[in-house]
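Visitor: Sequence:
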Amino acid sequence: MMYAVLSGQKQRSRFFIVAATVLYLLLGFVVFLFLPAIVFVYVEGWNYLDSVYYAFITLTTIGFGDIVSGRGMEPGWGHACYQLFVIVWIITSLGYWVMVANFITRALRSKKLHMSLIHRAKLLKDIMEKQNDPVFLPQKSKQAFNFIMQLSSILAVDAENAKQLQLEDPDTAPGLSDKSRSSSMPMGIPGISSLFNMSAISPTSMNNQLCRSMVSY
1 MMYAVLSGQK
11 QRSRFFIVAA
21 TVLYLLLGFV
31 VFLFLPAIVF
41 VYVEGWNYLD
51 SVYYAFITLT
61 TIGFGDIVSG
71 RGMEPGWGHA
81 CYQLFVIVWI
91 ITSLGYWVMV
101 ANFITRALRS
111 KKLHMSLIHR
121 AKLLKDIMEK
131 QNDPVFLPQK
141 SKQAFNFIMQ
151 LSSILAVDAE
161 NAKQLQLEDP
171 DTAPGLSDKS
181 RSSSMPMGIP
191 GISSLFNMSA
201 ISPTSMNNQL
211 CRSMVSY
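Mapping the sequence shown onto UniProt numbering, position 74 (from 1) lands on 74, and the numbers just tick up by one.
Because the hints were derived from the structure by calculation, they are not lab data. For every residue, glycine included, the Cβ atom is placed at its ideal position computed from N, Cα and C. Check before you lean on any hint, since a few could be wrong.
Derived DSS-like pairs: lysine-lysine, alpha-carbon spacing no greater than 27 Å straight-line [said to hold, decoys possible]:
{"#": "1", "residue 1": "K122", "residue 2": "K112"}
{"#": "2", "residue 1": "K111", "residue 2": "K122"}
{"#": "3", "residue 1": "K125", "residue 2": "K112"}
{"#": "4", "residue 1": "K111", "residue 2": "K125"}
Simulated DEER-style distance windows between Cβ atoms [as the list claims (entries may be wrong)]:
{"#": "5", "residue 1": "I57", "residue 2": "R14", "range": "17 to 23 Å"}
{"#": "6", "residue 1": "N102", "residue 2": "V41", "range": "41 to 47 Å"}
{"#": "7", "residue 1": "H114", "residue 2": "L23", "range": "36 to 42 Å"}
{"#": "8", "residue 1": "I118", "residue 2": "V39", "range": "47 to 53 Å"}
{"#": "9", "residue 1": "H119", "residue 2": "L84", "range": "48 to 54 Å"}
{"#": "10", "residue 1": "I57", "residue 2": "V30", "range": "14 to 20 Å"}
{"#": "11", "residue 1": "H114", "residue 2": "V41", "range": "44 to 50 Å"}
{"#": "12", "residue 1": "Y48", "residue 2": "I90", "range": "15 to 21 Å"}
{"#": "13", "residue 1": "I118", "residue 2": "F85", "range": "47 to 53 Å"}
Using the sequences plus the hints, can you model the full thing?
Guide: Below, the structure is given as structure tokens:
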């Protein structure tokens, strides 16, 4: 529960994981191991070392059976309350240690997942940088302008053929008389020549100049 409300940066911090683990372990040893051993010293009459030993083998579910609590007590309310205390202590302690183990597992898993995501993001970034190499844009732009210039040349040839056809037989192409008036201007894609201020340049020279400018880019 406490782990879930923490920020992602704290959950992935190595210092936070180590510090929280040490804190939880110390708290668990003090509250569920050393303090209950003091109770066993006074109730059972054991020495403190035997009491710690009993608490340890009980919480680790080893249970050798060489030391058993409540043997020297007479049946009664005191014995029943003491047994209830031992049962609650065992259940609470085991639940706490399970929570600590779950915290460590989730913290390590979160850190491992975070490192894996960082590694994948780095690989994806490297791939994108390779695909979007600085040479990529000039090459593709150069190919696009080459296509436009070739199309402009084709349109210019078609216009020249139509002009010759009109001169040979004006009746077959009456709609081309207006176009013949503007035949003195170089043919090209409207807007391309004015964009690069190349109205007096032929399509071939325009193509070469655009290619040189894209290569220098």
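Visitor: Tell me, which hint numbers fail for this structure?
Guide: The structure conflicts with hints 5, 6, 7, although it agrees with all the remaining ones.
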